[in-house]
Amino acid sequence: MKKLLVTGASGFLGYNLCQYAQQNWQVYGTYYFHQININNVKFVKVDVTNIIDLQEIFNQIKPDAVIHLAAASKPNYCQNNPEDSYKINVTASLNIAQLCADLNIPCVFTSTDLVFDGLNSPYKETDPVSPISYYGEQKVKAEQGMLAIYPKTVICRMPLMFGIPSPYAESFIQFFLKTFREGKELSLFTDEYRTPVSALTAAKGLLLALENLEGDLLHLGGKERVSRYDFGCLMAEIFDFSPELITPCQQKDVTMSAPRSPDTALDSSKAFKLGYNPLSLREELESLASLI
1 MKKLLVTGAS GFLGYNLCQY AQQNWQVYGT YYFHQININN VKFVKVDVTN
51 IIDLQEIFNQ IKPDAVIHLA AASKPNYCQN NPEDSYKINV TASLNIAQLC
101 ADLNIPCVFT STDLVFDGLN SPYKETDPVS PISYYGEQKV KAEQGMLAIY
151 PKTVICRMPL MFGIPSPYAE SFIQFFLKTF REGKELSLFT DEYRTPVSAL
201 TAAKGLLLAL ENLEGDLLHL GGKERVSRYD FGCLMAEIFD FSPELITPCQ
251 QKDVTMSAPR SPDTALDSSK AFKLGYNPLS LREELESLAS LI
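When the sequence shown is numbered by our numbering, its final residue is 292 and no position is left out of the sequence of numbers.
Don't read these hints as lab results, they were simulated from the structure.
Incorrect hints may have been included.
[Claimed, not checked] List of simulated lysine-lysine pairs, BS3-like, C-alpha gap at most 27 Å:
(1) K74 <-> K252
(2) K124 <-> K74
(3) K74 <-> K178
(4) K178 <-> K124
(5) K184 <-> K74
(6) K204 <-> K42
(7) K152 <-> K124
(8) K152 <-> K252
(9) K62 <-> K152
(10) K62 <-> K3
[Unchecked claim] Beta-carbon label-pair distances, calculated as ranges:
(11) P151 <-> E283: 45 to 51 Å
(12) P165 <-> E125: 25 to 31 Å
(13) Q79 <-> P128: 21 to 27 Å
(14) E56 <-> C233: 47 to 53 Å
(15) A289 <-> K252: 30 to 36 Å
Heads up, the beta-carbon is just placed ideally off N, CA and C, and yes, glycines get one too.
Using the sequences plus the hints, can you model the full thing?
The structure is reproduced here in structure tokens:
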């Protein structure tokens, strides 16, 4: 089997990707704070912002391909800690691009739908970026910088994702479920729209991009544009909780450190033509219901 190096493997998406990718790859995962265990996956501790540390890992593993997931992915954290988050979101990404360029190996980078301001959805790959938060700005700089260093990089813009949590990183639905199970009220935005997918679907999309593209941009959103409120109502139905626990509210009325785009729905028709085929949200949630 060829060797796949996954950065940020202890995170939510990394945890799911490593488990799925091992079907066809010898997977190596990096972590910094939290070591986890997945059968048949080898984990290595590394500071991805340190080019020397990364070089040592690349020299030891000699990967045939890289999927770079490691990131500071919480917009409020990035807004409040711009220098620290820049090191992870930009500096580390440029380091990865340079090392992949040196080896001339496939490199996939996960960006975000938050590179857009949310005023002109659904967004295609050809639409101009328009970030309104530090997180979005940092991902744009990483996209552009990686492609400048290594034009063969594939940039995958990811939507809101949900699914089985890693031991150290949850998706947003874990908070929803905890709130439902405690019988507490859950306030959800009616005016923030995304195109969510499960982490398993996202993992399939990333490997599809890795194996079929070179030097390209790809949106990996789902097929349905929904608000957080509508998503929560669907969850309540499928997981058998009272919809009366959900209270509608508006994003514009909630003060947060990072400005939020109201509608970053992605047009992923390019990925669909490539073979990316997300299930409906109902099907995704029904398949998760027995697992979480």
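Consistency of the hints with the structure:
1. K74 <-> K252: holds, 19 Å
2. K124 <-> K74: holds, 23 Å
3. K74 <-> K178: Status holds; Cα separation ~20 Å.
4. K178 <-> K124: violated, 35 Å
5. K184 <-> K74: Satisfied, since the Cα-Cα distance of roughly 24 Å is no more than 27 Å.
6. K204 <-> K42: holds, 20 Å
7. K152 <-> K124: holds, 20 Å
8. K152 <-> K252: Given that 27 Å is the threshold and the Cα spacing comes to 39 Å, the pair is violated.
9. K62 <-> K152: holds, 18 Å
10. K62 <-> K3: holds, 8 Å
11. P151 <-> E283: 45 to 51 Å: violated, 37 Å
12. P165 <-> E125: 25 to 31 Å: 30 Å Cβ-Cβ, so the 25 to 31 Å window holds.
13. Q79 <-> P128: 21 to 27 Å: Holds - the Cβ-Cβ distance for Q79 and P128, about 22 Å, lies within 21 to 27 Å.
14. E56 <-> C233: 47 to 53 Å: At roughly 49 Å between Cβ atoms, C233 and E56 fall inside 47 to 53 Å, so the hint holds.
15. A289 <-> K252: 30 to 36 Å: holds, 32 Å
Consistency note: the structure conflicts with the earlier hints numbered 4, 8, 11.
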